[in-house]
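*Asks:* Please arrange chain B on chain A, whose structure you already have, making use of the hints.
Protein chains in written order, with this note's numbering: chain A, 1245 to 1324; chain B, 373 to 787.
Wrong hints could be hidden among the right ones.
Straight-line C-alpha distance at most 25 Å; calculated BS3-like pairs for lysine-lysine [unchecked claim]: (1) 533(B) x 611(B); (2) 533(B) x 1258(A); (3) 1294(A) x 504(B); (4) 1253(A) x 533(B); (5) 473(B) x 635(B); (6) 550(B) x 1258(A).
Sample of chain B residues with no beta-carbon within 10 Å of chain A, all distances over it, derived [stated by the list, open to error]: (7) 391; (8) 467; (9) 489; (10) 516; (11) 639; (12) 673.
Among the chain B residues that face chain A by a calculated CB cut under 7 Å, a handful are [what the hints assert, rightly or not]: (13) 528; (14) 529; (15) 530; (16) 546.
No wet-lab data here; the hints were simulated from the structure. From a predicted model like this one, the values you see are computed outputs, not experimental measurements. Beta carbons: idealized from backbone N, C-alpha and C, even for Gly.
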Amino acid sequence: MDEMQEIIKNYVIKEYVEDDTELTYDTPLISGGIVDSFSMVSLKRFLENKYSISIPDDRATPEAFDSVNKICALVREFVK
Amino acid sequence: MAYSDKTRGMYSEVLTGLQSAGLFKQERYIHSAQAADIEVEFPSGAPLKKVINICANNYLGMSSHPEVVKAAHDGLDSHGYGMSSVRFICGTQDIHRTLEKMVTQFLGTEDTILFPSCMDANAGVFEAVLTKDDVMISDRLVHASIIDGIRLCSAMHDTFKHSDMEHLEEKLQLHNDKRLKCVITDGVFSMDGDTARLDKMVELCDKYDALLFVDDSHSSGFIGKTGRGTHELCGVMGKIDIITTTFGKGLGGASGGCVSGRKELVEMCRQKARPYLFSNTIAPPVVAGVIKVLEILSASTDRRDKLESNTAFWRKGLTDAGLIIKAGDTPIVPVMLFNAKLAQDVSRDLYDEGIYAIGFFFPVVPQGQARIRTQISAGHEIHHLEKALEAFKKVGKKYDILGKTKQEIIEMYGM
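So that you can see chain A by itself, here it is in the shape it has in the complex (with noise of 0.2 Å):
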């Protein structure tokens, strides 16, 4: 466990998650529906904004967004 992990997986339980669903770092959030493609938006600008990076469009698909291990895998690419 990393502070990362911490902290994408407490903002997406605090964003998306609306009733007991359980969320570890690999839980599917895109195919596992907790979090819809129109919502990605906030998840990618809340990234951008936590980490002062800039995620090209063409790399934040639902594929990258599917997990919070996937998350921290993109960010990490981004951070300097």
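*Replies:* Showing chain B alone in chain A's frame:
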């Protein structure tokens, strides 16, 4: 032949899948005019059955109102059957502009543009007024037609939790760098019958310089003291930038819709909205019918007042009978059953008792929230509602759900 056996088989498989999942929709043929008492053929080929309709959007009982029917006849005689043209070529008659002005006055806005349906209004409006530099922030439970309109627009899209004003404010802050922000909501939400918090939304939109869009299809004609809609109910008439609504529900029930609001935004729709530019507008007899509806509703609040008292009677009757309903004041009254099969069984048994009401379940509503959605009308008399209540009690007793909590019903039938 392009339509090969392989292609046919592919579609057959999909349709069979819908049937086995219990998601296959079947139409019921109504042989009478739309009203509280109707004659239905169901299933196809079955003898006609007289039933009480409690699932129509005929909130004000206008669908077969004799004055509206006569006005439509007169409109047909004076202005013909169709226009054979889109509006800006040779498809605009004097009555189209008359109706636009009447809607503007009725809703208390600056201008109005007609669309073939509210689905078309919602499909066209966002693309016409927003660009890729803007953001749309919508309630997570907005109607499917709004979702489609959002998909057709190049602006960024984000959502806020249903009716959660703190979450909306967070989103307005998050997107404060955008050229334009547009907050999007239904006035009355069609599945739960709850009402948007427009007073608070207006306050937030003022604070963050955002546009406010409201689809008032399940409100126009009867919500608010004089039936103008949720903006009247919430005391924010004149403060909503874009209202879309339909003439296919309370305002006559035939077809057609509109965008009403700030005059520049309406003009943008007239110049750019694709369903307006590339489709015929509302047919003349329907325009004449809606004009009569607005005349009737502007002259008296009798029908919305009757709807209000019918709704109170119905809500109290269901609650006293021990059924679980969604709280609220609107004529959309969902009877909660939680389990999809139970909702379908109750609907079937109600039909046997002469009551026409439909079960809704996933994916139309969230998993575990299956229900019978009942909709009350000013066309109902108390004897209709009493008979329907007796049927609900009888069927509710059969399934042992009267007086039971949500948890107890779920324990008996599952989610």
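*Asks:* Now look at each hint and say whether the structure bears it out.
*Replies:* Against the structure, the hints:
Only pairs whose Cα atoms come within 25 Å are accepted, and residue 533(B) paired with residue 611(B) is accepted, the gap being roughly 23 Å. Restraint check for residue 533(B) and residue 1258(A): the C-alpha separation of about 11 Å stays at or below 25 Å, so the hint holds. For the given pair, residue 1294(A) sits about 23 Å from residue 504(B) by alpha-carbon distance, which is consistent with the 25 Å threshold. For the hint linking residue 1253(A) to residue 533(B), the alpha-carbon distance of about 18 Å falls within 25 Å, and the restraint holds.
The hinted pair formed by residue 473(B) and residue 635(B) meets the criterion: a straight-line CA distance of about 12 Å does not exceed 25 Å. Of the pairs offered as hints, the one joining residue 550(B) and residue 1258(A) holds, with about 24 Å between alpha carbons and a cut-off of 25 Å not exceeded. Separation of residue 391(B) from chain A is adequate, the least Cβ-Cβ distance of about 23 Å exceeding the 10 Å criterion. With a least beta-carbon separation of about 39 Å from chain A, residue 467(B) lies farther than 10 Å from that chain, consistent with its non-interface assignment.
The Cβ of residue 489(B) sits about 23 Å from the closest Cβ of chain A, beyond the 10 Å cut-off, so the non-interface label holds. With a cut of 10 Å on Cβ distances, residue 516(B) stays outside the contact zone with chain A, its closest approach being about 13 Å. Look at residue 639(B): its CB is around 28 Å from the nearest CB on chain A, clear of 10 Å, so calling it non-interface holds up. Its beta-carbon lying about 38 Å from the closest one in chain A, residue 673(B) satisfies the requirement of being farther than 10 Å from that chain.
Checking residue 528(B) against chain A: minimum C-beta separation of about 6 Å stays under 7 Å; hint holds. Among the interface hints, the one on residue 529(B) holds; its C-beta lies about 5 Å from the nearest C-beta in chain A, closer than the 7 Å criterion. Given the 7 Å rule on beta carbons, the hint for residue 530(B) holds: about 5 Å separates it from the nearest Cβ of chain A. Restraint check, residue 546(B) versus chain A: the minimum CB separation of about 6 Å is within 7 Å; hint holds.
Figure legend: structure checked against the earlier numbered hints; every hint is met.
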